[in-house]
Structures are given as structure tokens and as C-alpha cells.
Amino acid sequence: MDMMRKIAVPIAAVLIFLCLWEALVWVNQWPNYKMASPSDLPPAFWKFRHLFLEMGWQTLWRTVLGLCIAVVVGTGIGVLMGFSRIARDALYPLLVGFNAIPKATLVPVIALLFVGQHDFNTVLMAFLISFFPIAVSVGIGLSTLEPEYRDILRSLGASRMTIFWKIALPKTLPEFFGALKVSVTLAFIGTNLVEIVSPHGRGLGALFKSGETNGDYPLMFAVLIALAALGILLYYAVLVLERIFAGWAERPSG
Amino acid sequence: MDNLIDIKGVTHAYRTKSGPLPVLDDLNISVPEGEFAAVVGPSGCGKSTLTRLIAGLMKPDRGEVWLHGERVTGPRRTVGMAFQNPVLLEWRTILQNVILPLEIVAPGMPRRDREARALHLLEMVGLKGFEHKRPSELSGGMRQRASLCRAIVHKPDVLIMDEPFGALDAFTREDLWQTMRDLRAAEPFTCVLITHDLRESVFLGDQVFVLSGRPARTQAVLDVTLPADRTLDILFEPEAQDMLHYLRDQIRIAQGRDGETH
Chain A
36 MDMMRKIAVP IAAVLIFLCL WEALVWVNQW PNYKMASPSD LPPAFWKFRH
86 LFLEMGWQTL WRTVLGLCIA VVVGTGIGVL MGFSRIARDA LYPLLVGFNA
136 IPKATLVPVI ALLFVGQHDF NTVLMAFLIS FFPIAVSVGI GLSTLEPEYR
186 DILRSLGASR MTIFWKIALP KTLPEFFGAL KVSVTLAFIG TNLVEIVSPH
236 GRGLGALFKS GETNGDYPLM FAVLIALAAL GILLYYAVLV LERIFAGWAE
286 RPSG
Chain B
37 MDNLIDIKGV THAYRTKSGP LPVLDDLNIS VPEGEFAAVV GPSGCGKSTL
87 TRLIAGLMKP DRGEVWLHGE RVTGPRRTVG MAFQNPVLLE WRTILQNVIL
137 PLEIVAPGMP RRDREARALH LLEMVGLKGF EHKRPSELSG GMRQRASLCR
187 AIVHKPDVLI MDEPFGALDA FTREDLWQTM RDLRAAEPFT CVLITHDLRE
237 SVFLGDQVFV LSGRPARTQA VLDVTLPADR TLDILFEPEA QDMLHYLRDQ
287 IRIAQGRDGE TH
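Order-wise, the sequence lines are chains A and B. Just so you know, we're using our numbering here: the first sequence kicks off at 36 and counts up by one. Just so you know, we're using our numbering here: the second sequence kicks off at 37 and counts up by one.
Next comes chain B alone, as it looks inside the complex:
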């Protein structure tokens, strides 16, 4: 099996007071090892549910999630997660925050090695010199950088990100895209990124999956044919612009507004 992540016919509904609310309907997504999959779709279409299913935090009503040729039945240590909220622990320093997953995954790892690993990552994302600060002393963008370090400190096979840059201003967000690109070049991992930002999906993704409105199914898949070492300027090239137009159209269809003027 070549795919690291295989989502096969996943259907899921939430039980609410007014009956079941279907969020995912026969969803199929495959991500080959080392690839970056961006998932876009209208608000409330079940994208966050998808992250929890891949992480094994929930079980789908129907269908299967496979990681590395094994069916996901619960949480696994080969997964890293990052959210829109950096969820750093205020009582720990940045360094201690980044180390946290190692305390769970590799309890026997010497402290010196843990710290060296965390410091290495912090330096890569430009947080050298901030390792002994508290999260409250850092800006929103810096906190999100630390959160990314924590998500990959234990060298997970899969990094799952749920709108990690959604709360940042436009320029900080672009900075973090580049940080993400550089991290991937240095530390290969397979990535699933949930986002609302089409430019983000094209800049970072190898494939972009467009989900339809609720209940979500795979509406379109776009292969991003840009080179791996992308710069922000590439987003202004005609090739990228065509992809963005295509995605925008697909989102419009997903929102059920096909007939509107462009």
C-alpha cells in the first residue's frame, strides 16, 4: 500500500436533540507518504470532524480510516496535532511546552536529548532565544510557531492541522506558510491541513481536496503542479491563479451558489 493515509467511505453523523446531523458522507481521501494534503470546504462541513477521525479521537459511524496500512481504532503515537488555538500550557516555558509530547511518547529519553531536539526545532522556526519565555510573553504568530514545534517534536508520521493559521493576520500567516514549507523540507512528514484559505492550500499543498457542503463528500481534487520550493510570488503566476480560480468555483458550487455571477 503506497498511501500513508487512506480514508475509505467514511460516513459520520452527530447525534443532536433534533435527530442525527450527518457531517461526512461516503468521504474518500488518500494521501501518499510524504505528501501534503490541503482540505478546503464551506464552513461547518465537517472538516474538524475529519481531523479527529484521522487522529483516532473518534470512530466513524461507517467506513474506515487507515494509517500506514493499519486500521485506526484509537489514538496513536505517530500523529501530531496543531489547532487554530495554539493551546500552549501557560505554566510551562516554551521549551517545556515543545517537549511535552516526548514525555508521553518517549518517557525514557534523556532530558538532554529531549531539550536538544526541541531547541533544534525552535531554532528552525525562528524562536531561538525565546525558549525560556512563557507563552503569554510571545505574540500570536510566535505561539503558533511553538505549537507547530510541539506537533512534530516526536517525529510523527502524520501531522494533522486544523486551521492553524486561521487566527493570524495576513502577513504573519504568510510568514508561517514559509516556515511550514521549510520545516517540511527539513523533516519529512505526511500532512493534512484543514483550511479556509485557498491561497494557503495552493501554496502548501501537493493536493487540494474540496469538500462539498454538509454532509461533506469529496467534491473535487486538485493536483498542485507547482515546484516544491515555492515562494510567495508564485501565487501571482498565471498557473497558480488558474488553480485558485478553479478552487473558488468549486467552493461556490459546494456552497450551493452555482448560479451567482462571478
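The following block holds chain A by itself, in its conformation from the complex:
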């Protein structure tokens, strides 16, 4: 029953949303070039189904790769900041400053730096846009570890590495996954940013761009829906990982 509700409620919400959208377009008698309606989308998906699969895969693997690099580098920076005050003081202004730069402005910079390296550029952007939350949350998680947690192992003569692996790292996992949920969406945005701003015929962003060029508005809306679906897929993948590795942090409800 509980399982039914968990699946049925979100599906019902999506259906209601699509109905409202359809009604909005129908009531206003908007033509396709103003706003496509949900009923226009299935034909568009079917017509370009091969492109959707191919481009969707392009977007997916580049996002995931960028995110993986962000996890490794972000965690590394976070560990550095968590354990060293000097590193924290030195890196914070740099990180905050870098994070404040709108990433769209970096697309041409990267495109010029690595001319023609489309896959590389896209993965790089997905990484650049998404490592910040991970670095900050791991850093804060490690630096706010209560001294007693360290003391129970330190009083036995455990090394710093042992304390890190047995206590500090697992204790920061809930914060890490909180950040990863933000980062996964950001990485996805980063990938699409490059695909749309600097199109090179790959990824869902490029498909969107081609819909725009050809005046195929249902295709553009179909791409947006595909992006939303892929975003949901990635988000829930992170959620599953969180359940597996940090499920202990979830308190029994009630």
C-alpha cells in the first residue's frame, strides 16, 4: 500500500501537470510556434527516436564522467580544507570567487583553450560547475567533527589515517550526498550549457539547437522533456547510492 502510494502519487502529479499544460495551450489556442502542447510531443519523440537515444546517451555519459571527476577532486579539496586551517584560509576565497563566475562565460574560454575537443570541453564544464558544493560540504563535515569522536580512537594510539577511514569519512557521508544531489543537477546543466552555447552536433543540447534552427518547436519542447527525464533519472540514481552508503543517517520516521 505504502509502495503503491510512493509510485502512484508522483505519477498522478505528472499527469495532472501535463493535463493543465494541454488545457493552457488549448484554451489560449496557441499555435505550435508559440508553445507546443504535450499531445505534440509523442510524434516528435517518435520521429527523432534514434537521435534522442544517441544524443541522450552523449549527454548522459559526459555528465556522469564530469560528475565523477567532481567527486574525486571535490572530495580531495574538501579533505585538504577539513584538515588544514592554512589550506582552508587559502582556498576559500579562490573557490567562492570561482563559483561566483557565471559558467556560461567560461564556455567560449574553454572552447578557445581546447579547440575542437568537444567531449573534453563538455566533461570539463560539467566538472567545473559541480565540484564546489562537494568540496565545501566535505570540508565543513570534516572540520566540525566533534573532538570526542577523534579521541575514542586517538586514545588507543590510532593513526590519523585510521581515524579518517573509520570515523571522519563515514561521518561526512550524509553531508557528501546532500552536496552530490545539488552537484548532479549542476553537472547536467554544465553539459547542456556547452552543448547549447557551443553546439557541435552532440548531445541533447545540440538537438535542441537544431530544433530551433529548423523551427521545429515540438522537437524543442520534446528535448526539454527529455532533459527533465534524464535529470530525474540522475537524481534518483544518487538517491539510491545515498540509501546504500548513508542510509544509516535516515532516522526511522514517527
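Please note: incorrect hints may appear among the correct ones.
[As the list claims (entries may be wrong)] Restraint ranges, calculated between C-beta atoms of paired labels, are given here:
| # | chain 1 | residue 1 | chain 2 | residue 2 | range |
| --- | --- | --- | --- | --- | --- |
| 1 | B | E223 | A | V107 | 41 to 47 Å |
| 2 | A | G111 | B | P263 | 56 to 62 Å |
| 3 | B | S79 | A | L129 | 38 to 44 Å |
| 4 | A | A43 | B | G80 | 56 to 62 Å |
[What the hints assert, rightly or not] In silico contact screen, one side only, chain B against chain A (beta carbon under 10 Å); selected entries:
| # | residue |
| --- | --- |
| 5 | L93 |
| 6 | V123 |
| 7 | S172 |
[Unchecked claim] Result set (DMTMM-like, lysine to aspartate or glutamate): computed pairs, CA atoms no more than 25 Å apart in a straight line:
| # | chain 1 | residue 1 | chain 2 | residue 2 |
| --- | --- | --- | --- | --- |
| 8 | B | K191 | B | E167 |
| 9 | B | K169 | B | E139 |
| 10 | B | K53 | B | E69 |
| 11 | B | K191 | A | D186 |
| 12 | A | K138 | A | E247 |
| 13 | B | K191 | A | E183 |
| 14 | B | K44 | A | D186 |
| 15 | A | K201 | A | D186 |
| 16 | B | K191 | B | E223 |
| 17 | A | K216 | B | E126 |
| 18 | A | K201 | B | E167 |
| 19 | A | K201 | B | D218 |
| 20 | B | K44 | B | D62 |
| 21 | B | K169 | B | D205 |
| 22 | B | K191 | B | E151 |
| 23 | A | K201 | B | E139 |
| 24 | B | K95 | A | E181 |
| 25 | B | K191 | B | E139 |
| 26 | A | K206 | B | E273 |
| 27 | B | K95 | A | D186 |
| 28 | B | K191 | B | D205 |
| 29 | B | K164 | B | D149 |
| 30 | B | K169 | A | E181 |
| 31 | A | K206 | B | E151 |
| 32 | A | K201 | B | E151 |
| 33 | B | K191 | B | D149 |
| 34 | B | K95 | A | E183 |
| 35 | B | K169 | A | D124 |
| 36 | B | K53 | A | D124 |
| 37 | B | K44 | B | D97 |
| 38 | A | K206 | B | D265 |
| 39 | B | K169 | A | E285 |
| 40 | B | K164 | B | D218 |
Read the hints as simulated data drawn from the structure, not as lab findings. Glycine residues also receive a C-beta, built at the ideal position from the N, C-alpha and C atoms.
Once you've looked at the hints, dock chain B against the given chain A.
Here is chain B on its own, set in the frame of chain A:
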């Protein structure tokens, strides 16, 4: 040397922005092997500093700490610690939490033996059947019991406790005193207990050390002359009441309120 713990002339100060803050001043405490030393004193008099010094987590500015005839210069594996906060690891079950020190101290010990040892202790403190629960599923008193098991699972020579029962309600606290008494009867160890609770110090201690206000020095030492197999009722006997009155007076002096009406 008969004493397991020897604190000789320990003086320590914290460096703060407004200059050094002396917390311990020429402190002397000796605890014979197997004895239970309770340390009481006004708030903020450096009692927690004392636990960290004995555990080798800090070095005193002056003076020496000796354990088992060896000078303490760093952490040693023969020490167990328990704090007011049970600091159990939420991602481990109760059993895995209790085993933790064995993973550090006896990495070669077979898993079966580790678990048997931990289960034995959990049964002694009344947590049988809870070994596979997570800490968040247990009450505060039960978590503190598990924390005690973890502190002694590796059979330390010295158990250092920093107000381990301070956050519990009065009745749970009394339950844990009795658990502590039974543990000591089954597993001999030398114990240093930091506490604010005078009844606790008399019920559990063989000796009670009263520290003066900051900077702390040994103001008074009380030999608790009650039998080893104490019950809670003994605290209402005249002998125990006299000791409690004596300790209360000493605390009053330590707080610098000697002249106040009793």
C-alpha cells in the same frame, strides 16, 4: 611501585587571547591498582583536562603522569575512555561499535572472538538482543551502556570516564551506577571517574578527590569506607551521609563560599 596511576605535580595552562589560563596547579593524585578514584570539583576547574592528560592526549606544562610505572608521553592502548556524550558511530550497529577498539588494538583477533567478547559485555550491561540495533534506536541510558562496553572491550588497565552519566535522568543514572559496580566486580580495572555528582562519587569510589577551583589542586581526599558490594540504600546510611556532608563542605570551600550559611 604500587600505584597504577601517579600524577605528580602536574601544572597546566591553556593559552588564550588574554594570556595563559592556568587550569591545574601542582596537582597530585595516586590511584593504586584496581582502585576506583572519583574526582569532584567545581565547574570549569580543569577536570576534563585531567582526563586528557592521563589518556596521553595532551602533555602537561609541568609535572609528570605515570601509568604502570611508565611515564605517559602519548596515547597508549591500555586506556579506555567514556564521555558524557556516548559518541557511538551511527553507521555501525551496537555490536560493531563495541568492537571498534579491538580493530585498533588487536587487528589480528578473529572476528568470531571479537564478537564473542563484545556480546559478553553487552549481556552483562543488559543489552542482550540489542546488538544489531543502530545507536539511534536506543535510549540515552542504553547508548551510555554500549559506550561503557566499548571503553572496556579491549581490557584496558585504566578506564577514564568524564561525567559519563551526567546527561541521564536520576533513575537511569542510578541504574548505571549499579551496572558500573557489577562490571568492576567482573572485570577488574583501575578507574578514574570525573563527576559533579557527590552521591555518585561515594557510591562508586574507593577514594574521592576534591579539586579546588581553577587552577585546580588537590584540596581534599576522602577514603570511602563502605563495603565493595554497595547497594543504593547504603547512601542513606549515616556513614555515607557523613561522607556526603564532608564532600559538600569541601566543594563549598572550593567554590570560595566558605562563609555562606549551610
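- Checked against the structure, which of the hints given earlier come out wrong? Hints 10, 19, 26, 28, 35, 38 are the ones this structure does not satisfy, whereas the remaining hints hold.
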